[in-house]
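**Student:** Sequence:
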Amino acid sequence: MLANSIFLGIPGPWQIAVVVILILLLFGGKKIPELMRGLGSGIKEFKDATKEPNKDETNSSIEKKQE
1419 MLANSIFLGI
1429 PGPWQIAVVV
1439 ILILLLFGGK
1449 KIPELMRGLG
1459 SGIKEFKDAT
1469 KEPNKDETNS
1479 SIEKKQE
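Numbering (this note's numbering), first residue to last: 1419 to 1485.
By construction, these hints were calculated from the structure, which means they are not laboratory data. Honestly, I wouldn't trust all of these hints.
Claimed, not checked - Simulated restraints on C-beta separations: (1) GLY1458 with ILE1434: 32 to 40 Å; (2) PRO1471 with TRP1432: 44 to 52 Å; (3) VAL1438 with ASP1466: 41 to 49 Å; (4) VAL1438 with LYS1462: 19 to 27 Å.
Computed from a prediction, not measured in an experiment: that's the story for all the values here. Here a beta-carbon is modelled for each residue, glycine too, at the ideal position from N, C-alpha and C.
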């Protein structure tokens, strides 16, 4: 059963626990909230950028219509 989950790429509870412990050891408890905050703001900026039309493209299309 354990071999099947390794080959399928599905992490088990022990694998997740080991990864969490390694992250805590590498970054410490105080640095993790800062990393998550930065990740969240990056995702928010990306979503905002994909929702807004590109201003350069809209300006160039308006200029072409005026000509």
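**Student:** All the hints need checking, so say for each whether the structure fits it.
**Tutor:** Hints, verified against the model:
Evaluation of the 32 to 40 Å hint for GLY1458 and ILE1434 yields a failure: the beta carbon distance comes to about 21 Å. Between PRO1471 and TRP1432 the Cβ separation comes to about 47 Å, which falls inside the hinted range of 44 to 52 Å. Checked against the given bound of 41 to 49 Å, the beta carbons of VAL1438 and ASP1466, roughly 30 Å apart, lie outside it. Remark: the range hint 19 to 27 Å for VAL1438 to LYS1462 is upheld by a beta-carbon distance near 25 Å.
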